[in-house]
Amino acid sequence: SVTEACRGCIAHECMESCPSGAITKINGRAFINQEICKECGMCKKVCPYNAISEVMRPCKKSCPTGALHVDEEDRQAAVDKNKCINCGACMAGCPFGAISDKSYIVPVVNALMEGKDVYAVAAPSIAGQFGPKVSVGQIKDAFLKTGFKDMVEAACGADAVAVHEAEELKERLKRGDKFMTSSCCPGFVSYVEMNFPELKGMISETVSPMIATARLIKKNHPDSMVIFVGPCTAKKSEIKKPNLAKAVDYVLTFEEISALFDAFEIDFQNC
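If you read the sequence shown in our numbering, its first letter stands for residue 173, the second for the next number, and so on.
Calculated directly from the structure, the hints in this document are not laboratory data. Please note that the accuracy of each hint is not assured.
Stated by the list, open to error - Below, in silico cross-link-like pairs of lysine-lysine (DSS-like), each with a Cα-Cα straight-line distance of 27 Å or less:
1. K391 / K413
2. K232 / K253
3. K321 / K305
4. K372 / K350
5. K412 / K372
6. K255 / K372
7. K321 / K418
8. K346 / K274
9. K346 / K321
10. K255 / K210
11. K305 / K317
12. K413 / K372
13. K305 / K346
What the hints assert, rightly or not - Pair by pair, the computed Cβ-Cβ distance ranges are:
14. F203 / M285: 52 to 62 Å
15. P191 / L345: 47 to 57 Å
16. F268 / K418: 44 to 54 Å
17. D395 / C212: 48 to 58 Å
18. G265 / P191: 33 to 43 Å
19. K412 / A264: 17 to 27 Å
20. N254 / D395: 33 to 43 Å
21. L316 / G348: 49 to 59 Å
22. E176 / N282: 52 to 62 Å
23. E370 / N282: 36 to 46 Å
24. P220 / I198: 31 to 41 Å
25. E207 / C181: 18 to 28 Å
26. G348 / K391: 53 to 63 Å
Glycine included, C-beta positions come from ideal geometry on N, C-alpha and C.
When you get a sec, could you build the whole thing from the sequences and use the hints?
Structure below.
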């Protein structure tokens, strides 16, 4: 958009640089026709008075990998799957709620209503998700009242993962590797695989605490269903990897589990 700093200069470099002819001069000042503007930012770059402010779309601005772009024809935002790491930053950045992730809340509710043995694996950060006065014990009770068989903290699997990663690092150092990265964050793993394929072999082969905990549950309860509950939307892509399949059945975000508790009229004061 054009600010009050516009001097209506004779050179009108902004008009000359615009690839779509969206800039004209009205009443001695530059005017941008938003209907044909491509949001390329060229006018801002050439303006000698810094009179043009570039207001980037919040979703595009929030994307850390440049996966979100605006179509030049219909000006609709689109996600490049070859760059997206499923971090969810664009969802948080969109003020209109126009971007959403895949939700598994319906099949989870169906499983609960059918009386299946459904176990919840909760991320450590669930401890502060419902306020400082709500304890982990109360949260666990809320899961039980909703119909879950039990709630298991992912920290249980994290202990085993830490031990296994330590042994793996020792072996890697012996064979000459200089470092090893964690495999616990699916967003990070995807980013490395997409942008630094030469470092793919340096990612730990140890599974994440989520997978380790889920496998332990299914080892002891073969017919059970395991749901991971956490803050990260990228976990929904992790469970789809072929080598990790069948460990975790579905993933729910904290927002989704909060909605589920509301639907079941869970009052933490009575938990």
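Point to revise | Outcome of range test on Cβ distance (L316, G348; 49 to 59 Å) | key: Given range 49 to 59 Å: holds, Cβ gap about 50 Å.
Review point. When you check the alpha-carbon spacing of K305 and K317, does it fall within 27 Å?
Key: Cα-Cα ~19 Å, so holds.
Exercise for review: Given the range 52 to 62 Å, decide if the beta-carbon distance of E176 to N282 lies inside it.
Suggested key: holds (58 Å)
Practice item. For the pair supplied as a hint, K346 and K321, confirm whether the alpha-carbon distance does not exceed 27 Å. Key: violated (44 Å)
Review point. Do P220 and I198 keep their Cβ atoms within the hinted range of 31 to 41 Å?
Key: violated (20 Å)
Check your understanding: Taking 27 Å as the top limit, are the C-alpha atoms of K321 and K305 close enough?
Key -> Holds. K321 to K305 sits at ~24 Å (cutoff 27 Å).
Point to revise | Restraint check for K413 with K372, where alpha carbons must lie at most 27 Å apart | key: holds (15 Å)
Exercise for review: Check the following: the C-beta atoms of G265 and P191 are separated by a distance inside 33 to 43 Å.
Suggested key: Hint violated: Cβ distance 26 Å, outside 33 to 43 Å.
Review point. Given a hinted range of 44 to 54 Å, is it respected by the beta-carbon distance of F268 and K418?
Key: violated (37 Å)
Review point. Within 36 to 46 Å or not, the Cβ separation of E370 and N282?
Key: holds (44 Å)
Check your understanding: Are the Cα atoms of K255 and K372 separated by 27 Å or less?
Key -> Holds, because 16 Å separates the two Cα atoms, which is no more than 27 Å.
Practice item. Mind checking the hinted window 33 to 43 Å against the Cβ distance between N254 and D395? Key: 38 Å Cβ-Cβ, so the 33 to 43 Å window holds.
Against the hints set out earlier in the document, violations occur for numbers 8, 9, 13, 16, 18, 24 and 26.
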